[in-house]
Amino acid sequence: MQEYGIKELMACWISRDLLDGERVAVGANFPIPRAALLLSYFSHGPNMKMGMGSFYVNLKDIDQVMTLKYFSDYRPKRWAESAAFFPLDLFGFHKLDAFFISGIQIDAYGNTNLIGIPGEKNHYKFRGPGSIGTTTLSAVARRYYIVTEHHTPRIFVKKCAIVSALGYGDGTSDPRKKYCLPGKGPRYCITPLCVFDFSPDTKQMRLFSLHPGVSIDDVIKNTGFQPEIPEHIPETAPPTLKELDILRNRVDPEGLLR
Amino acid sequence: MERKTAIVDESAALSMIKDGMTIVIGGFITAQHPMLLIRGIAKEKRKNLTVIGSLSASLEVDMLIGYGCVKSLVAAYVGAEAVAAMGPFYKEAGEKGTIHIWECDEIIIAAMLQATASAVPFIPVRGGLGTDLPVLNPDLKIFNDPVNGDPLLAVPARKIDIAITHASCADCFGNVQYKGNAFMDQVMARAADFTITTVEKIISPEEIRQNPYQTAYVADMIVRAPFGAHPFSSHGFYPEDDDFLTEYVTSAYLATKGEITGWTQFKRKYIDAPEDHLDYLDAVGIRKLFSLNEF
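Going down the list, the sequences are from chains A and B. Quick note on the working numbering: the first sequence kicks off at 24 and runs consecutively. Quick note on the working numbering: the second sequence kicks off at 297 and runs consecutively.
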């Protein structure tokens with residue numbers, strides 16, 4: 024069997040959930056979702072509206088794309104059909120079918136925190152990078168995925184110290200309905216150990232699949248809350264040869280995800 | 297009577313920026329920040345500035361925090377992505393509580409600028425409801441939409457003294473054009489009382505009139521500044537200078553850990569010693585600058 028990196032598996036898994044024809048964009052400094060989006064475009068999504076940095080691009084017949092170190096790199100312009108219009112696109116994010124969010128904390132109900140861990144008074148024990156665009160995107164994009172490169176009890180907490188992007192609140196009522204938010208919220212949370220979905224009744228994270236070689240115990244040990252554990256948990260389907268071929272030769276030739 | 301020129305030198309532009317002012321900085325993350333002016337503000341040690349970053353901002357804001365110029369910050373992000381998830385001085389200031397951070401996301405800043413530019417008291421957004429943003433930032437007020445009754449978040453307008461931006465070119469009358477993305481610069485110029493723009497090239501008024509649709513706004517002052525966004529990218533001219541950004545991040549990070557040698561050297565070489573922009577470009581070096589190419 025072909026060997027693969029765990030980040031490659033995460034990208035392949037996400038790419039299968041992105042559909043042809045969808046409008047999808049990826050924020051700054053987020054290599055796994057970026058690779059997932061390109062992979063879905065090349066493997067089954069020629070009609071996708073492809074956000075690449077601050078452009079929408081047409082990559083038909085492009086053998087290999089460059090790795091973007093910076094979101095506002097202008098060089099994808101060579102493939103661009105349109106550029107992000109400021110500020111109109113900022114108010115048009117509700118037309119995005121899918122987006123991706125991470126957090127320094129991720130809680131049991133899919134709320135995320137990019138602001139920081141508060142200390143005393145106005146101080147932070149740990150100051151995070153800031154909300155970027157996630158506060159609005161989590162509210163208005165049709166769905167989103169929580170993606171993290173680290174699965175630890177410090178990140179997966181019972182309750183975020185600060186919520187900068189709303190998932191499903193505290194699960195007791197439907198906050199998305201209460202606040203009339205057009206977005207349906209997080210669909211999956213993808214980590215280096217497993218995939219979580221959200222129980223339709225409780226809106227709590229529920230173990231959806233385990234990556235090859237990972238046990239339920241590994242997940243429980245590394246999660247700061249008790250996720251719902253269904254009776255039958257499948258193994259996350261590993262990357263196929265075709266996926267790895269596209270990923271390594273066209274999307275990620277520099278091997279960022281290896 | 298003659299029509300006046302908008303072109304000024306660096307010191308005339310810098311003299312407009314005074315202690316205690318509210319300034320908004322153009323560009324977006326690692327693109328098109330007016331670094332000539334940023335370095336000038338740092339070198340001349342302006343104090344108590346309220347700085348509105350470019351929605352998501354980068355190390356230009358971090359540098360101003362490091363120089364102690366910032367009292368209050370409006371930014372959804374301060375960092376350089378993979379080079380620095382967070383600006384070192386921004387992180388330190390957040391943890392020590394030495395600056396006030398007006399908590400927001402990119403769209404909230406965009407709404408604030410749009411409200412100011414439109415001369416309305418606020419613009420409503422949906423993002424932020426059900427989060428801690430209105431708790432951390434009491435300026436963001438939840439209200440019920442009078443049309444449909446939905447809860448919404450009101451983002452207030454804010455008086456902005458000066459917008460500072462970096463663009464591709466302008467003529468002597470302050471007509472500013474971009475070869476690439478102007479990001480939020482146009483709205484910033486419309487929102488601020490006064491706009492200072494540094495440009496890669498000065499072009500003729502005839503050239504501007506060849507394509508008036510391309511003119512993004514009219515600035516009050518223009519400063520000629522080839523490589524004026526360095527170490528950030530200037531669309532159509534040069535990409536980011538990775539080595540320089542890394543040098544900044546490394547020395548600034550160590551300075552926040554108490555090892556100030558590198559930061560002291562960096563400051564002297566690139567900010568405090570250069571008399572003007574050309575001196576700065578000399579310090580960076582012509583080979584480095586000309587190596588910044590698309591391919």
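Rather than coming from a laboratory, the hints here were simulated on the basis of the structure. There may be inaccurate statements among the hints.
Straight-line Cα separation of at most 25 Å, BS3-like style, residue types lysine-lysine; simulated pairs [what the hints assert, rightly or not]:
(1) A:K148 / B:K475
(2) B:K343 / A:K144
(3) A:K144 / A:K118
(4) B:K455 / A:K72
(5) B:K553 / A:K100
(6) B:K392 / A:K200
(7) A:K92 / B:K584
(8) A:K100 / B:K475
(9) A:K148 / B:K367
(10) B:K367 / A:K182
(11) B:K455 / B:K367
(12) B:K392 / A:K148
(13) A:K144 / B:K437
(14) B:K392 / A:K144
(15) B:K584 / A:K100
(16) A:K92 / B:K343
(17) A:K144 / B:K367
Now for the hints, and whether the structure bears them out:
1. A:K148 / B:K475: violated (43 Å)
2. B:K343 / A:K144: holds (24 Å)
3. A:K144 / A:K118: With a Cα-Cα distance of about 39 Å, the restraint between K144 (chain A) and K118 (chain A) is violated, given a limit of 25 Å.
4. B:K455 / A:K72: Judged against 25 Å, a Cα distance of about 38 Å means the pair is violated.
5. B:K553 / A:K100: violated (40 Å)
6. B:K392 / A:K200: Judged against 25 Å, a Cα distance of about 38 Å means the pair is violated.
7. A:K92 / B:K584: holds (19 Å)
8. A:K100 / B:K475: Roughly 11 Å between the alpha carbons, so the hint for K100 (chain A) and K475 (chain B) holds.
9. A:K148 / B:K367: holds (20 Å)
10. B:K367 / A:K182: violated (31 Å)
11. B:K455 / B:K367: Holds: K455 (chain B) and K367 (chain B) sit about 16 Å apart, inside 25 Å.
12. B:K392 / A:K148: holds (9 Å)
13. A:K144 / B:K437: holds (22 Å)
14. B:K392 / A:K144: Within the cut-off at roughly 10 Å; holds.
15. B:K584 / A:K100: Holds, at about 24 Å.
16. A:K92 / B:K343: violated (33 Å)
17. A:K144 / B:K367: holds (17 Å)
Checked against the numbered hints above, the structure violates hints 1, 3, 4, 5, 6, 10 and 16; every other hint is satisfied.
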